[in-house]
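Enquirer: Residue strings, one per chain:
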Amino acid sequence: MTKLLSDFAVGESGVITKVNGEGRIRRRLFDMGVTPQAEVKMRKKAPLGDPIEVTVRGYELTLRKVEAACVEVDVK
Amino acid sequence: MKTFALAGNPNCGKTTLFNALTGSTAHVGNWPGVTVDKREGVYKGGAEKIEIIDLPGIYSLSPYTPEEVISRNYILDEKPDGIINIVDATNLERNLYLTTQILEMDVPVIIALNMMDEVEKSGDKIDVKALEKAVGVPVVAISALRKTGIKELMDKAAAMSSERKGATVLGGELTGKIERARQFFAQEEVASPLFHAVKMLENDEIELGHKGAKEVLAEIAAGDDLEAVIADERYKYISANFSSAKAKSKKEVLTKSDKIDKVLTHRIWAIPIFIVILFFIFHLTFSENLFYLNGFTESQGWMPTLFDPVEEGGLGWEENFGTKLLACIYDGAVFSPGVILTNLLNFILDYISEGMSLFIGVCHGAPWVESLVVDAVLGGIFAVLGFLPQILTLFLFFSILEDTGYMARVAFVLDRIFRRFGLSGRAFMPMIMGFGCSLPAMINTRTLADEKERTATVRVIPFFSCGAKLPILTAMAGGILAVFGAGNVDAITFAMYIVGIVTAICAVLIMRNTTLKGETPPFIMELPAYHVPGFKNLMLHLWDKTKHFVKKAFTIIFASTVIIWLLQSFSWSWEFLLQDAQELFEADPVRWESLAEIEGLVNVRTNESILGSIGMFVQPIFTPLGFGSQLGKAFGWVFAVAAITGLVAKENVIATFGALAAVVAGQYIDWEADEVATAVAMIGGTGITWQAVIAFIIFNMTTIPCFAACATAKGELPKGKFKWTVLFWVVTSYLVSALVYTVLSWWWTAFIWLAVIAAVVTFIVLRNIGKFDILKIFKRKKKDEKVG
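Keeping their order, the protein sequence lines are chains V and C.
The first sequence begins at 1 in this note's numbering and counts up by one.
The second sequence begins at 1 in this note's numbering and counts up by one.
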């Protein structure tokens, strides 16, 4: 089942299938290891619900929900 | 001498390695045109000396941040003899992503595999030989922290051949495409054609700026999303070759870092914990009543002061070297470390001033020489140096927060709030530091990646009222209470802080929608694992700041202080206005009774000074603010003069009142002893209204900050932005004070202000959505006229 990373619940994980978004944001996501076929796990949400923290390629990455909405993930 | 550049991800131990390599030879400057630290040093451990340049920490060589552009241009244009690519072995996958890009450049590369000891501790293994074979450049395992493997690294680096052709890990379908792009750049005769070729296929803005590049890319890509393919290929290559051992053993157990994180970014407790941490930092830096040992309120105080007579609750000690030294630590209450350091420094500086006074006295120097040397030169420098201990203490605490990784979490927690104003969560730290002192706060804006966000933040930092502005607040609020018999000192002070914060928020909102328009910068960043900060790194960091600050104190701040002193102490006919207090007292004991206790020179003729006449000249400007022409010609100018002297240091506003009280009220007031009395004398003597006093406080809070802060802002802002920033401060303070004065004096003016504000907001909003364009309307009108 494909889902946007921004809609993930805490603890869910999956494999990235597609990265959309405007040039700069997309570039940054790639550079930080958010690429198709990478495994990603939702770690937690900030106290105010946004941004979120995910584990990708063995480290902790934080991004806003708007940016996470660019990432399509196949839920495991 | 060979030159090597250090390149690597943020938080991979690069700074630690740099410090280990260069030791005391390191020095910090700025990269040309941007305020990113450029650190250089010399490695002396080998057969020949090697110059080391520390490139900023980056994740990639795409031109996303100024740091990435700097690093990329440095390697391409400056052509170092080699790159030492430091790689964090505990996070091999992401770190090697940068490596694969560096390898595409025509430059010798050596890989320093850092934190291998940690990898081994967790039971993992990385085959250094296999890695070396795969990437085709030397790899050395090191520990920057324990300083192991460093000699081997540098020996191998020095022995590398000086030529290397770039190579790429990208293969398969991409090979042919990259080759075609490479040929294009080879024809253009640029260095490192392979690197440019791959970057072009990645849709890189800089490469697409080459003539003809867009067409070549369109032809090669043929509609494919090469950017995604290349990023994917890089990671595929890395995970296929190196991460098998690593990734699997990333157990699902909670690490220590995770446990700390659970608490510090807790849904409910995160924000309260953060507030407590902030409170302790400010308390330890600024409090004159450490841990409230002397009770929470004044009436609870039980600790005796040192020098007051016994009947007034003191110990009645005599002042001598020993007791004065003790008074730096304890006098009526135990001081915080920040205050103790400040006192100790001032203790020493006072002796230097006194010594200088005596020396000039012995040499029979003219009074103005003594005043120039002691008041202007030493006084000016010492006034600035006096801040140094507290600035450094504050800086130390915030550096610890930064180095432990907590600062990134704070940004994570607070981002939601700040995004509304077009800022990221990171902007919070510098703003909150502003309540202590604007200087470290402005320097701290370096953690903000977006330049417009930085400029906006630097500009509003002075609105977060700093420690030096507090005396203005309390003295004037006390004055209002004493003269008008209304109000509450704490309430007025608190309200003033709120006005400052609201002004800052409004100013940011306006700037982010007009002059500094831009999208809210993306917030995609690493949350580094928590770790204990290195003591040596912290100290080196502080030492850099100290050098920077002292240099400024001795140049720009010093010069401006002397100028203000000149204006204040001389009349237009160059008569020196300062007089000996004792002589004045003896000549007219009745009038100058207040001078009986004072030694040295005092200025009771400021009204005749150049500064005084400047004050009289600009006085009418302040009429809408309540302290202009309506106060009359006689003394109305004193507020303008006080605001000008406040530029040297904000404490001077009240000090100037003390001196001016001699002119206005006919009595000299020792402002240090009784700030409120000073304010009372000024309010009584000038007949200013309480509304205008409040407007005056706000004006001083939001106008141009002290010279030290101005100098820092100039250094931190992008080129050419400083003059606009000064204008911004002047306009903002004028408008806000005028608003407060008129609304407080005549409540119905609030409606006029509201109408004006509504009109401005509507205008900005309409303009931003493109519905309203002055130029277009103007053009259309002209057209209509012609037709008509």
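Calculated directly from the structure, the hints in this document are not laboratory data.
Because the structure is a prediction, the values reported are computed rather than measured.
Heads up, a few of these hints could be off.
Computed footprint of chain V on chain C; a stretch qualifies when at least three of its residues, placed anywhere within it, have a C-beta under 8 Å from a C-beta of chain V [unchecked claim]:
no.: 1; stretch: 54–68
no.: 2; stretch: 220–232
no.: 3; stretch: 262–272
Ideal Cβ positions, reconstructed from N, Cα and C, are used throughout, including at glycine.
Enquirer: Let me make sure I understand: some of the numbered hints might not hold for this structure. Which ones are they, in numerical order?
Expert: Violated: none.
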